[in-house]
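A.B. asks: Sequence:
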Amino acid sequence: MQKKLLAAAVLSAFAGAASAQSANVTLYGTLQGSFEFASATGADGTAAAPVGVNSSTRGGALSAGAYTGNPASQSTRTRMNPAGSNFGLRGTEDLGNGLSAWFQIEIATTLGAPPPNAGVNHGNAPSFRNTAVGVRSRTWGSIGFGSWDTPFNLIAVSTAQANGRSGAASTGMQANLLGATTLAYGAWSGQNAANACTAAVGGGAAACFNYGTNFDRRERGGLMWWSPNWNGFEARVHYHATMDANAVTASNRVNGGPALKPSIWSMSIAYTNGPLALGYGYDRQDDVLAYGMNLAGGIAASGTGTGSWAITAGAGAGATSPSGSKGTGHRLGGKYAFNLGGGRSLGISGLWESLKWTMSYNGATVADLSSLEKKAWRLQGNYSTGAHFFGLEYTRAGELKGGISGTANNTFNGGGTKAHGWILSYNYMMSKRTSMTAYYTSITNDTNANYSGIVFGGIATAAGADPKYYGIYLRHAF
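Numbering (my numbering), first residue to last: 215 to 692.
Please keep in mind that the hints were generated in silico from the structure rather than gathered at the bench. By construction, the Cβ of each residue, glycine as well, lies at the ideal position given by its N, Cα and C atoms. Mixed in with the good hints, there may be bad ones.
Label pairs and their computed distance ranges (CB to CB) [as the list claims (entries may be wrong)]:
hint, residue 1, residue 2, range
1, L554, I686, 17 to 23 Å
2, T292, A601, 25 to 31 Å
3, Y640, A473, 50 to 56 Å
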């Protein structure tokens, strides 16, 4: 009741007359503050690769640092990672005949981390999270319009998430080894990189590449359908028109080629029955990577990323540019909770995914990336008794594979791009709304991998460096 009264007061202050709807509006949010230690040590040196030995050649051993020009081994520093707080309003209106209108406005908030951690990812200005308006029916489900986490993304945090109780910005509960490649990924998430692929290309080519190869997304410009619950089964389908409205105009055609039309189809099917949950997610991203690379001018061949490869985006008649791209993702997961009696329980979960990207070009190409694929998986387990919760997670990202056009064997050498991560957490519930968590997150990167380890606020690692984060956070939900 207090939430509804407060929500009514807020709406009255801004709208003047919300009393007719106030009984159906809820104010909610989460405040999360943390103090942690972070480091990324053990990076490779910066020696150049031997002549003729790089990611596009057969045989030979990569020298230390062949995939990076960044020698940094970042020693332990203290900081605050403010991601995870939010504030929102949601409400419904009965339309009769089994129909109701619904809305949600949610923004991400911070507790004011100092730069550079605030920076682009975590500035003090609020940004929108899941925000949409729609209509719901008891028989055919819900249709919505707005910005929302894709069904593919939600599979990882719903039907395949056993340790959400102790999840935070620096535990991530995905260790950021899922849903993206390791190519210059650094501290970016797909949600943040979306803001970098603008006309100004403020984040540069690397940010646009990250955006185009990310599958854990909260995408804007969406049309969404969510089914009702059919004896435990639920389905979701989203269509998102990405980037900007000019993506299909003549000015954005690729050197006289076809217009790029970036879009995303995402869908999932889930089954829940008491302590059991199972889910499958599928994602298809058309022209998202190609559009971002043309906007950013491509990526020049160099010794960064995973070796000597390029994505050419030239200008002028006959120049080579990406004429299309397709990204596909499959994700399968499940969880189960065992009731041990006496207020004790044991939970387990698993998640597997397969990601693939392909690129086509307008014109001849030499050493341009034509395909890329990766598989990853995650296991979680927890034990809880009363107010105490102990969580353990292991995540592993497989080696990158793919192709490079214009080379002798068209093979992408992804040697040394594996990584794995551990998360150990302890959560204590002080009340139904307030809890304290201690955590330790450790990522081990192979020689040519540079995963930051966490979804938000991760350290931009050099190849081979091993990030670690440990600390405590206090969470209050209202």
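A.B. asks: Compare the structure with each hint and give your call.
C.D. replies: For each hint, the structure was consulted:
1. A beta carbon spacing of about 27 Å between L554 and I686 contradicts the range 17 to 23 Å that was offered as a hint.
2. Against the hinted window of 25 to 31 Å, the Cβ-Cβ separation of T292 and A601 comes to about 28 Å, which satisfies the hint.
3. At roughly 53 Å, the beta-carbon separation of Y640 and A473 lies within the given 50 to 56 Å, and the hint holds.
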